[in-house]
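Protein chains in written order, with our numbering: chain Y, 1 to 410; chain V, 1001 to 1337.
Note that these hints are calculated values from the structure, not bench results. All of these numbers come straight from a predicted model, not from anything done at the bench. Be a bit skeptical, because a hint or two may be false.
Simulated pairs of lysine to aspartate or glutamate, EDC-like, Cα-Cα distance not exceeding 20 Å [said to hold, decoys possible]:
1) K201(Y) <-> D1021(V)
2) K1211(V) <-> E396(Y)
3) K201(Y) <-> D1015(V)
4) K201(Y) <-> D1055(V)
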Amino acid sequence: MAEIRKGGLFVPEPEVRPGGQPDFSQVKIPRAGSVERPPVDVDPRDIRDMAFSIIRVLNRDGEAVGPWAGTLTDEELLEGLKHMMTLRAFDARMQMAQRQGKTSFYMQHMGEEAVSCAFRRAMEPGDMNFPTYRQAGLLIAGDYPMVDMMNQIYSNEADPLKGRQLPIMYSARDHGFFSISGNLGTQFIQAVGWAMASAIKRDDRIAAGWIGDGSTAESDFHAALVFASTYRAPVVLNIVNNQWAISTFQGIARGGAGTFAARGLGFGLPALRVDGNDYLAVHAVAKWAVERARMGLGATLIEYVTYRVGAHSTSDDPSAYRPKTESDAWPLGDPVIRLKNHLILRGVWTDDRHRQAEAEVLDGVISAQKEAEKNGTLHAGGRPSARDMFEGVYAEMPPHLRRQRQQAGV
Amino acid sequence: MPRMTMIDAIRDAMDVSMGRDENVVVFGEDVGYFGGVFRCTAGLQQKYGSSRCFDTPISELGIVGVAVGMAAYGLRPCVEIQFADYVYPAYDQIVSEAARIRYRSAGQFTCPIVIRMPTGGGIFGGQTHSQSPEALFTHVSGLKVVVPSNPQDAKGLLISAIEDPDPVIFLEPKRLYNGPFDGHHDRPVTPWSKHDLGDVAADHVTVPLGKAVTRREGSAVTILAYGTMVHVALAAAEDAGIDAEVIDLRTLLPLDLDAITASVKKTGRCVVVHEATMTSGFGAELVTLVQEHCFYHLEAPVARVTGWDTPYPHAQEWDYFPGPARVGEALRAVMEA
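This is chain V alone, in the form it adopts within the complex (with noise of 0.2 Å):
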């Protein structure tokens, strides 16, 4: 099985849908002759030609809203915003049309578009190319939300979203690109020749959307965790050795009720993690559904960790940033309460 970075398996997806499927189509800024600023999209113009990948104007509202038109027409776009930060011009395209479609029309039309956006900080971003704005899409019927943890999965649900008969947001962690990062920003970088995960199968394979995976078992917590916050959850169990159960979301919306409560009923304690602010973010999601369904089960308050709810800052990155330190002091409060 060949060893590939997220990026590799990200492009490498793309590269097998347009290869299986003639209406799958690749578009965005500096995605086609250059292959996008992450690399995403390398050699997909080569081998496909310049009609299925192709340069754009910066237009983020115009490249998903001619994407909804050539779904309309059957198309399959596959589309790239260069960092999430920018998607906000293309917000009512999302969220009033390519969310809606199928539905205000009764299925008439309909959406099979995939926006891909590289999300999250620890690369020194600053507050425009750092931001996680997972949550102003899980709030959006007729959406599905994506984010992976490492390359496997990236390749197994960028082909499930692009087959998907649905719009879907895939946010790429872009500090997971190159390797895991656990949040211990002081420490050499791990590549992901050197992980597991970074093995990916050739050719056509799926991850099914809405099913979450349990990346480490344990008995005394659960952490709920997607993306970068999954490799820092893992971190700061080891950290403070808490036997902790980590529970990679993968897809928030739909999202993978069974297997939370599963976990919390078995735990019965929780913390919540994510990069994104606190207030009204997903987090606050998932404590709620933790609450209404494992009541009864639960030793300990349900607690969160995520980034301040402050712009997303430059020079005090690892100040803002919630790492293995902040999730093992709330690992310890959960189980000393």
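Okay, chain Y solo, but in the shape it has when bound (with noise of 0.2 Å):
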């Protein structure tokens, strides 16, 4: 029975403030392998009961078990460790960066690695992300240079967007990236018209938009979904639910709707949630959404359950909104030790290959940083010409701005 409440705002609160005991027992996680997994042509009314479940294969002992489980061989998996790995060092390093004084502006993926990085597996050349600002795993993990990423952050004279950008708002549009906004939720409907353009064009191309818990409200979610459903267009949508908006928990977006896969059900979307730290269901459950919208089956919404363990940004401090230990209280676990214990327990992977391995990617982080620093970082060395900054605003640039970069001397 619904509570009747009188008196004043309802205005929902996050189980725990700083100072208590993290307490994450609201989340339900279903057991690992649990969840059926339906073929690609279901009816989506057919599996409207996925919208509040999890999709889950590895279990508590490392086991990867259920009707998810076997869509990467051991190979992929090696790899998949070592893109979340190098992400998650890549991150340390340029956080350090940062505060360093070389660039601005950081943020990180801990704890999130898995999303991005599974899901680009799934993924062909071809096909176009529309991502956030924190999928970074997706340029990491289809090969785009590190060194390109830094010169990025560094807005250095090789940085590839001439300066233009805050660190980290990439575009990569030959690796299936497109450029970042920064105005929440903008991106997610500009996936649909993409995909829309696909399916104009009688392509087999598809494309992902990206989302945070947070920026669901914005319209621009809702419009994707609509234009989503109605166009059946092939796209897969992301939501990635990692509990916190800047400082604000995930029911201030989610509101009454159990969860934000459940948006997807008025819509007539097939609406799934998946362990968001679970390389092998993010990629599972990407390669089946993936397929639906090339074989023109339409678009799918997926929820990513995850936690972000770091600040929001390098402009943000979790201590004063959350408990400081709440993110090893989160019980789906760290996407990269998890992954890392099932690939020992498969006979392919050891402990000490492991520390060799992160040695390795840290070198690799390292040289590509000292070769980005050569091109420059925000205040030292190489920089955009200020004369560039009036380039590129339109493709011929019209005798207004002409007079203005004259009237600037540069």
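Both chains are given apart, each in its own frame, so use the hints to dock them into the complex.
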């Protein structure tokens, strides 16, 4: 029975605030392997309950179990582990570079590495992601050069974006990575548009849209679901629910919906929830949705249940709004450790080799960093020219910008 | 040369563009099967199929957002916002996305889209069907803003806009759809069939963006106008018996500053007119540019005639609309100064 409440505005609150004992007992975690894997041409009406469960492959013992297991080979899993380790090491070095004043801003992925790294493996060359600011795994797992990422972060003279964008707002067309906006939610409907264009051209390439739990409150999210549903666009719509939108817990955006995936039900879209810290589960679900889109069966909405271990950005201090130990209590664990343990169990990995790989990965990141710093950092060394500031506003510079460039004396 | 209304000319521009380039797609609310509430897209779905001309949900944000995504893919969407008054839900997609994608991606992605929308009053549309929001777009780096005043220009400018590599806001003065309107609302309506600018070339024809045109040569004073107000300015000059030069700006961004300065330096006087509200309107930009570039040629302060700074009223439409009488007063005042 619904609770009757009168007097004052109802404002949802997280279970615990700083000083309290972390408590995730309200997050219901189904047993790994317990959620069915329907055929990709399933009628979305028949799988509505999946919007309220969580697809998981790796169990507590590190075994891959159930109908979603088995989408990747040992080699692919070992590579996936390396991608996640690389992203983590990259984050640590860039976070430090920001603290050293080499750039203005950084955003790390700690705890969420599996989501973008595993998803990337389910896409094909020519497909297009419309990412937010926390999917750099799409680039790392797509073998985009780390040096170019760092050049962008440093806004140096080799920055592919010519110093115009805030650090980490990458753009990499040839790697299927759309220019990151920084305005929230806008890319979600654009992904649907890209997918509609693919359908108009009878192409079989697909798009993937990305959004965070907080930004699902933006109108762009709802417009995207309407258009994706109406035109059966070949798109995968990804919600990364990392529990926190800066300081705002996910209940503020979710309201009474129960889950974010459930938003898809009213639009008639298949709506799946997946353990976002389970590399195997993320890949299996992404593959399912990508296949659906490519076959012309339409869009899928996926909620990745994960946890933002780090701060929102280098400008944020989470200790002001959540218990410091909350991430330790997160029931879905650490994606890197979970995949590592699974590979050890499979007999293709050891603790020693892991330690060795950590050192190798770090070496790779440090050598890329040295390479990038030769091109300058935000306040030292080579930087994009002031003259270039006036370029690229339009294909052809109009007279008023030519006058202003002259006035600026550059 | 066939005579066309502005509606025919706009439809013809899209027809020609869709025929020449299969990446051109047209969509919006009521745009597909029905052909648009103003009939600007009538017949396009039948001719080109529903993959290239279709109805959308009522979501301006969605219309522009998918257009941005389609443009990133490589299409050239030409979308309709049913009334300019309804464009605001799409403003973020226009300002933060369409206008900046070329810049922020260093040219990896571009946004060759056209956003058409009927603008202006004079049809008893009240506050939600009469606004002229051009200044909200001319303030945005990365956009182009076009306002045609007749069928000939409407076709040529729209084809240029569709072929342009950057996003274009295409404002269609709805009071001009069926005929030139000079602000004398109490007189019989003239149809485009009785006006030379209703002569529209068949097939592919372009009018370059960024080029103004002189509609009336004169030596006493320059009137800077666009859209409906071009016809009001012409009527005001005739009514007042003043030898005014009327410049039809056609494109507000980028602006043809050379045409403006050449005329004002010749006449030494200038009146700026627009239907939109005054404060921070596009007229403020025009007056500033005239002051910066023609100050030593000016014989009188530059005058502005605009809509009042109120919402667009219903019953008081003709008290609000800056008609030929108000423009005439400004002309006389500038001549006497």
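How the hints compare with the structure:
For the given pair, K201(Y) sits about 13 Å from D1021(V) by alpha-carbon distance, which is consistent with the 20 Å threshold. Proposed proximity of K1211(V) and E396(Y) is supported: the alpha carbons are some 15 Å apart, at most 20 Å. As the CA atoms of K201(Y) and D1015(V) are separated by approximately 19 Å, the hinted pair is consistent with the 20 Å bound. Proposed proximity of K201(Y) and D1055(V) is supported: the alpha carbons are some 18 Å apart, at most 20 Å.
Violated hints for the displayed structure: none, as all numbered hints are satisfied.
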